[in-house]
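Engineer: Please build the complete structure, drawing on both the sequences and the hints.
Protein chains in written order, with the working numbering: chain X, 1 to 413; chain Y, 414 to 684.
Hint data in this document are derived by calculation from the structure and do not stem from the laboratory. Ideal Cβ positions, reconstructed from N, Cα and C, are used throughout, including at glycine. One thing to keep in mind: the hints can contain errors.
The calculated lysine-lysine pairs, modelled on BS3-like cross-linking and capped at a C-alpha distance of 30 Å, are [claimed, not checked]:
# : chain 1 : residue 1 : chain 2 : residue 2
1 : X       : Lys352    : X       : Lys229
2 : X       : Lys50     : X       : Lys79
3 : Y       : Lys575    : X       : Lys407
4 : X       : Lys101    : X       : Lys50
5 : Y       : Lys575    : X       : Lys404
6 : X       : Lys99     : X       : Lys79
7 : Y       : Lys575    : X       : Lys408
8 : X       : Lys338    : X       : Lys352
9 : X       : Lys50     : X       : Lys99
Derived list of chain X stretches under chain Y, where covered just means 3 residues or more per stretch with a C-beta under 8 Å from a C-beta of chain Y [to be verified]:
#  : stretch
10 : 85-95
11 : 235-242
12 : 246-256
13 : 400-409
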Amino acid sequence: MKKRLFSLVLCAALLCGVCALPASAAGRTIQLDETISVSADYDWTRFAGKNITLNVYNWGEYISNGADESPDVVALFEKLTGIAVNYTTFDSNETMYAKIKSGAASYDVIFPSEYMVAKMIDEGMLAELDLANIPNFALLDEQYTNQDYDPGNRHCVPYMWCTTGIIYNTTMVNNAPTAWADLWSAEYAGNILMFNNSRDAFAIAAHKMGQSINPTTTEEVALAIEELKTQKSLVQAYVMDEIFDKMEGGEAAVGVYYSGDAITMTTDNPDLAWVFPQEGVTLSIDNMCIPASSANREAAEMFINFMCEVDVGVANCEYIGYSTPSTAVWENLSDELKYSSIAYPGDEVMDKAQLFTSLSDEINEALDIQWSEMKSYNEGGNAYMMLLLLLSGVTLAGFNIWRKVRKKIRATY
Amino acid sequence: MTLNNKKLAAPYLVWMVLFTIVPLAIVVYYAFTDDAGNFTLDNLARAGGYSSVFARSLMLALVATVICLVLAFPVGYFLSRLRVNKQRIMQMLIMMPMWMNFLLRTYAWMGLLSVNGPINTILGFFGIGPFTMLNTSGAVVLGMVYNYIPYMILPLYTSMTKIDASIVEAAEDLGANLFQTLVRVLIPMSVPGICTGITMVFVPAVSTFAISRMLGGGSNLLIGDLIEMQFLGNSYNLNVGSAMSLVLMVIVLLCMSFTSSFDEEEMEGAV
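Structural biologist: Printed below as a string of structure tokens:
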């Protein structure tokens, strides 16, 4: 019964919306469900019934999806516009890039981070946006728009942002860490979790050494990786999302991760605390873009505009815990999140934050080689292992040949 | 249409050409060309820069295979000597862990081996430990053995069911002790199973990447991790990634030709 009532209300709301459109009444809204209403000044239904499917490719767990009684944002968009959404997820910028670069799949809306936006613009993989179709762009804070990687936001609209920092278990450390350099302190030996991702890990070493997180020469890469090598014996493991279990379960005392996820972790385990290291942090901004191969650009722009709606943004922020680039959304957040020092740090942190830029192919390759070398490097022993292996290979081959020869000799009798 | 009609194999042949031969050709093509499509050996040389990782993978896979073999041999023999209905039950028990997802099983080991995990807690009652078990190369080997041991047991068991109990009895009658029976009768007669088992454990173990990431703490890189890094990582270099896959394939082929050469010989001996 409740459901039917709900859909009736929805239909009514939709009808109202359609009727109200020509009038273009300023400030009027369409109520989608109990908590979400969107602006009625936008022609949401122009693609209804045209059998359009949008392929949306987002990070995993990066949208309010109906779990834990949160609103299902994608379903609401489908109901509002009559556009079907095929929603899929990825787990790293590089996976997303590889999939689009290979041309194996076509997407209409993707969510790359800033350095990936730069790389994709360079390679002509992103379509130009018509900001006239995204009026909600005006709601975004100037601090996050018009960035160096995309001047004038011709290709991307910021979705969420976060910083990196240190999360630690207050019951397991005597002295709380305050700087990246503390991750090189023997005090936490065997209790440190590092990023299992070359760029973020590199950035930590770079912050510590006071150099740029965007190396321009292979020497800079080598210096920072050398620094990570000296840290390796203190590190318990290099992890990504495994950090949730390990930090919440008290498996490690100190870890590095993204501020948005830290909110989830500190909520789940109150013993955990977060600190912005004094050397400065990495700011990363995730954006909504349209790949150049998209055939439904205008519908994709409508989706982006929908995601920038205040109520939708609030639902997303409340669900995923990341920080919004939209002032209007921030004003409507719950006090707990709105005044969270993890999500919205003061100027003393933001002034020292650095953004990733896209690296040249040469630097990227050097970074990958040295990073994997660093990870597979053990103090002593490796060179011998290779020798031993070669030797055993030769012995095996020799043995095999000897056996074959013997067999032949026998066969001749 | 008779059963030995070759046309019956056509659907699979088409499948094999489309999804095995063509992709293989593409890998070889990428491994020997650069971005512009010119012939180069540079990719192989660059893959050589990761030789320590290759060595580690081979070493760990080898250790895991040997452990699997040593553990599985008695199990296979024991199974093959059971009554047939019991054999079915035991076979099912061995297969049972494989009903669960591979990642889930490895994830469970992550919890078991952790410093606050059940193993260390139990050891703690006796005043031992805690030991660092997770994030070591030992944990990676354990993961490989745990995940792949059924692939060793089953071929061994199959080849051992063909050994007549009277042969073992005859060996004993003729005065062979346990060791002699094992070395001169049981092992030679189960060589086909041993060879299949080694291939079926070594090949997936040498190319795994999920196990090393979850149990090795990210610092025990294997070839699989390297290849994944080339395709889904920062530098995104399909050519170097293909060269690595090619090297891995050659290693696997060498291993297979080695074991199968044993196989042939023993088969001849059996005739």
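Engineer: Within the assertion that chain Y covers the stretch 85-95 of chain X, do at least three residues meet a Cβ-to-Cβ distance smaller than 8 Å?
Structural biologist: With 3 residues closer than 8 Å to chain Y, the stretch 85-95 of chain X meets the three-residue bar; holds.
Engineer: Would the pair Lys50 of chain X and Lys99 of chain X pass a check requiring their Cα atoms to be no farther apart than 30 Å?
Structural biologist: Satisfied, since the Cα-Cα distance of roughly 28 Å is no more than 30 Å.
Engineer: Mind checking, does the stretch 400-409 of chain X have 3 or more residues with a CB under 8 Å from chain Y?
Structural biologist: holds (count 4)
Engineer: Is Lys101 of chain X close enough to Lys50 of chain X, meaning Cα to Cα at most 30 Å?
Structural biologist: holds, 29 Å
Engineer: According to a criterion of three or more residues whose C-beta lies within less than 8 Å of a C-beta of chain Y, is the stretch 235-242 of chain X covered?
Structural biologist: holds (count 6)
Engineer: Check the hint pairing Lys99 of chain X with Lys79 of chain X against an upper bound of 30 Å on the C-alpha distance.
Structural biologist: holds, 29 Å
Engineer: Lys338 of chain X and Lys352 of chain X were given as a pair; does the straight-line alpha-carbon distance stay at or below 30 Å?
Structural biologist: holds, 22 Å
Engineer: For a C-alpha distance cap of 30 Å, please report whether Lys575 of chain Y and Lys407 of chain X respect it.
Structural biologist: holds, 26 Å
Engineer: Are Lys575 of chain Y and Lys408 of chain X close enough, with their CA atoms no more than 30 Å apart?
Structural biologist: holds, 29 Å
Engineer: Closer than 8 Å Cβ to Cβ for three or more residues is the test here. Does the stretch 246-256 of chain X pass it with chain Y?
Structural biologist: holds (count 4)
Engineer: Taking only the CA atoms, is the gap from Lys352 of chain X to Lys229 of chain X under or equal to 30 Å?
Structural biologist: Given that 30 Å is the threshold and the Cα spacing comes to 25 Å, the pair holds.
Engineer: So if I understand the rule, the pair passes when the alpha-carbon distance is 30 Å or less; does Lys575 of chain Y with Lys404 of chain X pass?
Structural biologist: holds, 27 Å
Hint violations for this structure: none, all hints satisfied.
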